[in-house]
Amino acid sequence: MAKRLRRAVRAWFDARYIPRAEHRDAVRDILWEVQAAGRELAELRREVETMRARLAKPVTAPVTAPVKVPDPRQTARWDDAHRLASETASAVDHLLQNEILLWQAVDRIDLEGAT
Amino acid sequence: MRVTWKPDGDVWHLGFRLDPEDGLDGTVTDGQAVRLATNSCRIQLPRRVADVHPDLLALAAWTVVAPWTTRRITFDRPVSPDLAAAVERGWGIEVGPVGGGPRAGGRLAISYSGGADSAAVAAILPDSPLVHFQRVPHPRVPNRWTHYRSDVLAKLAARTGRELTITRSDLEFTLAEPRPGYPEHHAVTAGAALMADELDLGGLAFGYELGSRWLGGGRYLLRYTPDNPMWSGDGRWGRLFQAAGLPIVLPVGGVSEAMTMRLALTSELRPYVRWCLRGDGGPCGECGKCLYKELIHAAVERRPLKTAITAARPVAAKWQKPPPYGGQEMIEYGCARVPGIETTPFGVAAGHLGATVESTSWLDHCYRPALEEIPDPWRKQVTDFMAEEVGFMTEDEERRVRDWGQA
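As given, the protein sequences belong to chains A and B, one line each in that order. Heads up: the first sequence at position 77 corresponds to 77 in the numbering used here, and the numbers run straight through without jumps. Heads up: the second sequence at position 402 corresponds to 402 in the numbering used here, and the numbers run straight through without jumps.
Don't read these hints as lab results, they were simulated from the structure. A couple of the hints might just be wrong.
Said to hold, decoys possible - Counterexamples of contact, computed for chain B against chain A with all Cβ distances above 12 Å:
{"no.": "1", "residue": "R2"}
{"no.": "2", "residue": "P20"}
{"no.": "3", "residue": "E21"}
{"no.": "4", "residue": "L24"}
{"no.": "5", "residue": "A37"}
{"no.": "6", "residue": "N39"}
{"no.": "7", "residue": "S40"}
{"no.": "8", "residue": "R144"}
{"no.": "9", "residue": "G235"}
{"no.": "10", "residue": "G340"}
{"no.": "11", "residue": "V348"}
What the hints assert, rightly or not - Cβ-to-Cβ under 10 Å is the rule here; a few derived chain A residues that face chain B:
{"no.": "12", "residue": "D25"}
{"no.": "13", "residue": "V27"}
{"no.": "14", "residue": "L31"}
{"no.": "15", "residue": "W32"}
{"no.": "16", "residue": "R83"}
{"no.": "17", "residue": "L84"}
{"no.": "18", "residue": "S86"}
{"no.": "19", "residue": "T88"}
{"no.": "20", "residue": "S90"}
{"no.": "21", "residue": "D93"}
{"no.": "22", "residue": "Q97"}
{"no.": "23", "residue": "E99"}
{"no.": "24", "residue": "I100"}
{"no.": "25", "residue": "Q104"}
{"no.": "26", "residue": "A114"}
By construction, the Cβ of each residue, glycine as well, lies at the ideal position given by its N, Cα and C atoms.
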């Protein structure tokens, strides 16, 4: 009777507690996960170190498009066009002013003719 | 000088011929020497107008040819005796032919450039129509000033939603030297004058403020100018406009540029205010005017200066020299109020001027004699506005105006 009772009680306890073998498996799994996390952390640390090193390096000149050197014959033509435009504009200025003075002279002749 | 107007649809062509004693070199009312470029210009009105009173045609022509007229002006239509008398008394110039009656009109229009000063006027007179002058190229004169964005200013004026008349003209190109511009400051009204009968105008309001009217403006430095020949009611131009039935009205003649800035930027017109003539999408932020107006703007908002312009830049050169400066009252006002002014292009000027908030607080109020100059029909409206929005100068503060440049 006592023996049967003891077995029943043990079975009842066993049903409620995890067996030792399972504990061992669980601990091994967790350990594996911790090791994997450790490896990932080490990897991230390495990345941070590389980035820090890159930032610490002096800034190199920004990459620019290769400067296209204009053809000197072309720039000479542009300069010439600019010179011609400026000189023409200035010549027109004088032409217009001379026109005013010319009309003034014409009117003076008319005036003298009338008197 | 002999002038001829020829209408052609909506365009009025002005031609002028020098008399034997006239020359290419002339002098503007403010003393600036100018040189004539060509003897024709045109004004395009928004529509064809039936007829224009001879006094208005004479007034518009005179704003263009006055600097070069030495003895006599001959108009192509007889002008009223009052207008002839105003020119004779103001300039000592003979006028002919004379005949016909004077003109009159009812409404007050605003000569609106789009800058803070004229926007302030538009805010004070919310029902007055705007007249905008837009520069267009002259068909005979090479345009070396293509960076001047008159088209942008005209578009902004249109966006205000106000009654607006845009007149387009190349009259600024009659000036060869110092550069294209109004032969006389009043030439900005040439288009408005031609439209005055059509719009029933009886007065023209301008954005000239306390500095321009009473403190000598940009060219007369540090001088109290009650007799300002350009803008005083009883000056030669004041009497001429009066004779043409278009008296000059200066609603902001009694307040400083700080006040016009505040009034403009707190009004509905704020999004359309533009004092820079160069910017496309916004003010250029690079020119001398942008720098000067930014000082006032920052002072009004009591904030540090926002500018990329340094003391080493040519546009800031004049502030590295000792005073006097044009518009010095506003430089003092700004230097006294902008935090960290020492590190800005105005640092040197601030050191020379030693202005304080107390020494410049008179510029926060309205100078009453300016209101007395406003013709009757509009004086009360402006006075009420000033009492409500600005406040008047004390006797001591008014003395600061009269003593300007004396201390």
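Hint by hint, here is what the structure shows:
no.	hint	result
1	R2	violated, 8 Å
2	P20	violated, 5 Å
3	E21	violated, 10 Å
4	L24	violated, 6 Å
5	A37	violated, 6 Å
6	N39	violated, 5 Å
7	S40	violated, 9 Å
8	R144	violated, 7 Å
9	G235	holds, 29 Å
10	G340	holds, 30 Å
11	V348	holds, 35 Å
12	D25	violated, 69 Å
13	V27	violated, 65 Å
14	L31	violated, 61 Å
15	W32	violated, 61 Å
16	R83	violated, 14 Å
17	L84	violated, 12 Å
18	S86	holds, 9 Å
19	T88	holds, 7 Å
20	S90	holds, 8 Å
21	D93	holds, 6 Å
22	Q97	holds, 6 Å
23	E99	holds, 8 Å
24	I100	holds, 5 Å
25	Q104	holds, 4 Å
26	A114	violated, 13 Å
Figure legend: structure checked against the earlier numbered hints; hints not met, in rising order: 1, 2, 3, 4, 5, 6, 7, 8, 12, 13, 14, 15, 16, 17 and 26.
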